[in-house]
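Going down the list, the protein sequences come from chains E and Y. Quick note on numbering: the first sequence equals residues 721 to 1488 in our numbering. Quick note on numbering: the second sequence equals residues 721 to 1488 in our numbering.
Bear in mind the hints are in silico, worked out from the structure with no lab data behind them. Any given hint could be a false lead.
No distinction is drawn between identical chains; accordingly, a pair holds when it is met within one copy or between any pair of copies.
[What the hints assert, rightly or not] In silico DSS-like cross-links for lysine-lysine, where the CA-CA straight-line distance does not exceed 25 Å:
1) Lys1242 x Lys744
2) Lys975 x Lys744
3) Lys1150 x Lys938
4) Lys744 x Lys986
5) Lys987 x Lys1334
6) Lys941 x Lys770
7) Lys1215 x Lys1193
8) Lys1099 x Lys1193
9) Lys1223 x Lys1259
10) Lys1416 x Lys1449
11) Lys1445 x Lys986
12) Lys784 x Lys770
13) Lys744 x Lys784
14) Lys1099 x Lys1259
Number of protein chains: 2
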Amino acid sequence: MELKNNLFSDTGWEIYENTLEPEKLINRGSIFMVGNGYLGYRGTFAEADKDEYQACIVSDTYDKADDKWRELCNVPNGLQVKFSLDNELFSNYEAELNNYQRKIDFKKGIFSYKSEANIAGQNINLSVERFSSYENKHLLVQRHIIEFTEEADFSLELAIEGELWSLNGDHFKDYQPGVMDEGELKFSTTTQEREIAIEVIQDYQLNQKPQAEKIITKERKVAKELTYQVTAGDKLVLDLFTTIYTSNDLANPKKAALDLNRRAQKKGFQTLKTEQVKSWAELWDKFDIKITGDLEAQALLRFNIFHNIIATPVHSERLPIGARGLSCQAYQGAAFWDQEIFNLPMFLYSWPEVAKNILLYRYHTLPAAREKAERLGFKGAYYAWISGKTGEELCPDFFFEDVLTGRKIRNHFNDWQIHVSPDIAYTVWKYYQVTGDWDFIVDYGAEIIFSVARFLYSRAYYNPGEERYEFLKLLGPDEYHENVDNNYFTNYQAKHVLDKACKLYQRLEEENLEQLTELKNKISLSSEEVETWAEMADKIYLFQPDPESKLIPQFAGYFALEDVIPEVLEERLQDPREYWGWPIGVAVHTQVIKQADLIQLFVLHDDFREEVIKANYDYYEPRTEHGSSLSPSAYALIACKIGYQEQAYKNFLKSCSVDLYSTNKAISGGTFIGGIHTAACGAAWQMIVQGFAGFKYQDRQIIFDPLLPEKWQAVEFNLVVKGNKFKVKLTKNDLNIRAEQSNKSPQDFAVFANEFSLAPGDHRRVNL
Amino acid sequence: MELKNNLFSDTGWEIYENTLEPEKLINRGSIFMVGNGYLGYRGTFAEADKDEYQACIVSDTYDKADDKWRELCNVPNGLQVKFSLDNELFSNYEAELNNYQRKIDFKKGIFSYKSEANIAGQNINLSVERFSSYENKHLLVQRHIIEFTEEADFSLELAIEGELWSLNGDHFKDYQPGVMDEGELKFSTTTQEREIAIEVIQDYQLNQKPQAEKIITKERKVAKELTYQVTAGDKLVLDLFTTIYTSNDLANPKKAALDLNRRAQKKGFQTLKTEQVKSWAELWDKFDIKITGDLEAQALLRFNIFHNIIATPVHSERLPIGARGLSCQAYQGAAFWDQEIFNLPMFLYSWPEVAKNILLYRYHTLPAAREKAERLGFKGAYYAWISGKTGEELCPDFFFEDVLTGRKIRNHFNDWQIHVSPDIAYTVWKYYQVTGDWDFIVDYGAEIIFSVARFLYSRAYYNPGEERYEFLKLLGPDEYHENVDNNYFTNYQAKHVLDKACKLYQRLEEENLEQLTELKNKISLSSEEVETWAEMADKIYLFQPDPESKLIPQFAGYFALEDVIPEVLEERLQDPREYWGWPIGVAVHTQVIKQADLIQLFVLHDDFREEVIKANYDYYEPRTEHGSSLSPSAYALIACKIGYQEQAYKNFLKSCSVDLYSTNKAISGGTFIGGIHTAACGAAWQMIVQGFAGFKYQDRQIIFDPLLPEKWQAVEFNLVVKGNKFKVKLTKNDLNIRAEQSNKSPQDFAVFANEFSLAPGDHRRVNL
């Protein structure tokens, strides 16, 4: 079926296009990408150059060049294949294509395209398959099959291309393309700033020997030119094996890349493909959600889950999940609060070891968070708004630009948007609640939570007249309003963390005194300091919902701003590329917000009365521009909570299609922000499980409060809580839960009025 | 001698121009104006219309029209005289003029112009004199003398013109031009918003009866047309008497205007002029400063003193001194901190009753200051940034506009520039110190100081980690940097006021317990609250000078900003009219400041070591754009203090010539800010007495520490301290002080090492 915008899915396990639209270069390159958390290879054609936004983004290659922004590198392209027939160079964009299709197969993690192409007056059948091995993350594999219908001169160029698309400067300072002893092509280069060695090795297998083979070496390219005389019925099968290592991976990346390349060739394409299918079967066993009755939703959902998987560096506890994953260099390959609040929950309830990895990354970046706090005059840990490998602040002072004047805008994402710290601490505690992994808290989590509490206390001010603690000069999640006071989201999260810090301290005193003493020495913590946190938690300023309207202001003075809706502001734009926010954007002095702010808080905490949630949803929803991909999911989740079935479904589709239907801006305020919105990908899982199925884990009970969209017949997914795994199937009429035989303990459940416990192997059906 | 820019002075008592430059319409209208604190009449020609920026601005006529800014009204022009010869209408800008001169005579308070004009092929001698009576502030007098050299048809039109220049909207809602019983012209109108009745009455005296007289009435005009057959040698003398009252002055303004007009006519032009000369002789006896050896400085100085006098509503304790006086509607005819810090000192030491009046105005506007504080969530008295009659905040949220985009800028003058409140309280205390008027403190001043202290405490935050009180989100005097924390000027002024509040409370407890009790009841003040002020005064955050460089940051983080000088920023402008400040002006992220900020503090407090003053002067001076007319005087004053003779003189001339040489912008960020810079006018007096003469009153001693500019031979002025009057003459070699015979008590002095006391009638000469 066609989904929308020339995108199709037949089984919900794949998405493909049938026609090629040159104007969608950026978008289609992103949505057809493959990856494995170590690298991402965009879904471009094998012949693509930088002009087609080809990219192979490798994690852990942060580099700052030409005095621009630090970002991940797009490494030399080891999968480039160009060919020509009778001296006519083939290009998908220029040839006449019949039966064209470009596809990403989520189930197998394989990208492919095919067509009957007319070139040099004759027809060829072309099909290409590509995957980045999940089993071995340094390996890219690509197979070309070309069938000829006439006699012709045929020439193939297999290259490692070093002329690359890069957002912020040229990241490599010496280029060493060349050939290895046994004929493999290699490309060695070094990053500008930190001198990370990058090694790309390419070799091939062909079913038919070429008449001639020639090496071409240029300053930034090495290639093999293979020439053939082909005849009608010839079928060429070319398998390309490309391996990539950097000196951040291990000491001798060249040797590693070469060894892996040779091992891969020994296995050959088919074996590698079988391994890949197996890897992805295992992944889907963890993460898949099956929807019956809505193919579009099914395809969209798997697209998002797929991307949340391939963005996540499960192989490392020292790397972040990029806000655009590894789909391009935008947002600097770095983590935002998105990582904990959007990407992580899917892992937490499906593969908790990875959730732990993600939080360990935050543990390892504590030193940088402390440095940032100190630099800005605070104590404790103030996490970077844009956090790369080390956790140092990557967010530049001047982020967007005023497109009307060309002047850079001093956005205060890096010094006023403090909520990232409590968001991380919140998630550490959440991780413990769901996994029961107290050791993690003792060994790592406590230090994070205490350091964040210390930061929060040092960032807050006491208002002696009003006898309350306040946060001033904030940006909440809604980034259009900078410099606000007492953003409710931030204050609430801060209170939560301070409470948990005190509770945690008490429990450590009772149960882990030795480790606590060690930690207290390490970070110079005293019980007096913990008392100040308790006082602050007690006296932090939180607006009370208005007794009549039940409304809570997003920040102090919000309701006094001009009350308009986004559509009105659109008319005030002088240029469609204008940034709407601080300091002079059209939204600044209005109640129009970029994204869910207060509403996102309702997603994180179950402490609000339904009338309050409803009133605020009704108020904020029409005033939300959804200028962030993080926005619709919160509205979907809360719509489920308050029974707004249609709104929930509408926002679910909106959130899941941000990238597929390309509804978000690729450029804002002059800055490229295209690529895959991984937070929305992570949120897709949440919208099903925590939204439509109404799952929550509370007071050791698993609770379901479902509200399925009209046309869905069933939803099936797995859940891991406290190390126990459950299979859940929800229909219009009933909820079926099966506890795995291998579970270690019984689990309590509550579904509406039904409370029950499931022992390992047990199964329960609840009528709805 | 020519001063500069076609401005001349022969005696230092006048300034005149010899040629007419149409492009200087706005500037020349301002600098040749007359006024008396009740009204200001611009120095335009008698025939001028709105296109020539004619205006008669009347105090206490605040009105808001067409949803724009509230401002003083330009009332119907009762001095308009047009004439024609042989049907050719005369205009100074169109006729050929010989021996032209336009002059303001400071000594007499009289404006005049004259010329031999060629019109309709013949020459006439024209001379016009105009003054606004200082004796009776509702009266304007204007004499025309016209001598004819040939026979001609001559017609005169004497009008009250109601088509008027107005910055912000049409302020009148009904126009009633007409004729009174006895033939006087009258123009009644009512303001839009507050329905203030405005009454203008005009009548004339002529030495020669016209052949015919005709009344012309239009919707917004009433006029008399007088026609003559003139012959060679005829000399026409026309005296115009115009009176103005509003319903804010008294209950029946029309009757009052008519009565006064008739009384004035009875006296006749010559008597009124004699009265005017006498009034001004008395004024100059109070305020004059005589400089020997520098005619330019002398003329500039008297120009400034003259304007500080005519801007000041000495007749009322309920009206502010406008930042542009009554020279036009700019800055809404309202008071800023300028009033206390710049305008008032001249009065304080010369005519202290007027200084008291000015402070009483602040007492009467306490209710509005309390209202503003409450509206913004604070306690106590937060004085308006732009303060009109009532003291309500006149400063609009959107003040300037971004000329590049046409968007209004949300400047935070009205909610973050809090230093106006402590500046007023500082001046109240200063008034007491200089006058010894304790009754004023008991009756009025204490309430101001306590209310400001209360506000300051409620606006401050306590930083518990650092154990200090801080002010966040400020604008200091330097308005290019909004949203700064702990602006040193503001924090220092606040500490000063809190200290004085505590001291004052203690003394009232000891000496005026009854009145204190009454006041405490009135404003619900407790001794516990006073203790919180003491604690805040003790713990308020004040940067310490750097031990090495002695530098003090203007605000937190100032030194981290880009370090450039104003000239560099000029090159970054995309439009010369751009506003340099918040939020996206070229200065915002740099160390370039609009005006003296920290340096101004050194003017107000004598607590800083010379090495600190010097280091900071050296640092801040080159980084100051002097985009405010308030800036050069502070640098002049401090240059005197640290012995920078040339810089002092340079800045003195700069400050005194802001209007004469028209160095400041008439329009910034799209807003008209032309007119007379009255703060600079007030500062002129300070620069001589407190700067070059080095006068200060400290610990009951009058101290002089003089530093005369190179070419000055002598400076002479009077001083009033504690009700005693002294005549001071300073030369290069000596200082002569004479105590008036009528003084009530002896006064202690200190000049370098000489300490002495002068009894009434005593005189002392000190060698320098």
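Do the hints match the structure? See the list:
For a Cα distance limit of 25 Å, the shortest separation of Lys1242 from Lys744 qualifies neither inside one copy, at 53 Å, nor across copies, at 72 Å. In the homo-oligomer, the alpha carbons of Lys975 and Lys744 never lie at most 25 Å apart, since the shortest distance is 39 Å inside one protomer and 80 Å across protomers. In the homo-oligomer, the alpha carbons of Lys1150 and Lys938 never lie at most 25 Å apart, since the shortest distance is 53 Å inside one protomer and 80 Å across protomers. For the identical chains of this complex, Lys744 and Lys986 are neighbours neither inside a copy (38 Å) nor across copies (90 Å), given an alpha-carbon limit of 25 Å.
Taking the shortest alpha-carbon separations for Lys987 and Lys1334, neither the intra-copy value of 58 Å nor the inter-copy value of 79 Å comes in at or below 25 Å. With identical chains, the CA atoms of Lys941 and Lys770 are at most 25 Å apart within one copy only, with a shortest distance of 13 Å there and 74 Å across copies. Proximity of Lys1215 and Lys1193 under a CA criterion of 25 Å is satisfied in both settings, with 17 Å inside one chain copy and 24 Å between copies. In this homomeric assembly, Lys1099 and Lys1193 come within 25 Å of each other (Cα to Cα) both inside a single copy, at 17 Å, and across copies, at 21 Å.
Within a single copy, Lys1223 and Lys1259 get their C-alpha atoms as close as 17 Å, which meets the 25 Å cut-off; across copies the closest is 33 Å, which misses it. When the C-alpha separation of Lys1416 and Lys1449 is checked against a cutoff of 25 Å, the pair qualifies only within one copy, where the shortest distance is 16 Å, while the shortest distance between copies is 88 Å. Taking the closest pair of Cα atoms, Lys1445 and Lys986 never come within 25 Å of each other, the shortest separation being 38 Å inside a single copy and 108 Å across copies. Within a single copy, Lys784 and Lys770 get their C-alpha atoms as close as 20 Å, which meets the 25 Å cut-off; across copies the closest is 61 Å, which misses it.
For a Cα distance limit of 25 Å, the shortest separation of Lys744 from Lys784 qualifies neither inside one copy, at 29 Å, nor across copies, at 55 Å. In this assembly of identical chains, the alpha carbons of Lys1099 and Lys1259 lie at most 25 Å apart whether taken from the same copy (20 Å) or from different copies (20 Å).
Hint compliance for this structure: hints 1, 2, 3, 4, 5, 11 and 13 are not met, and every other hint is.
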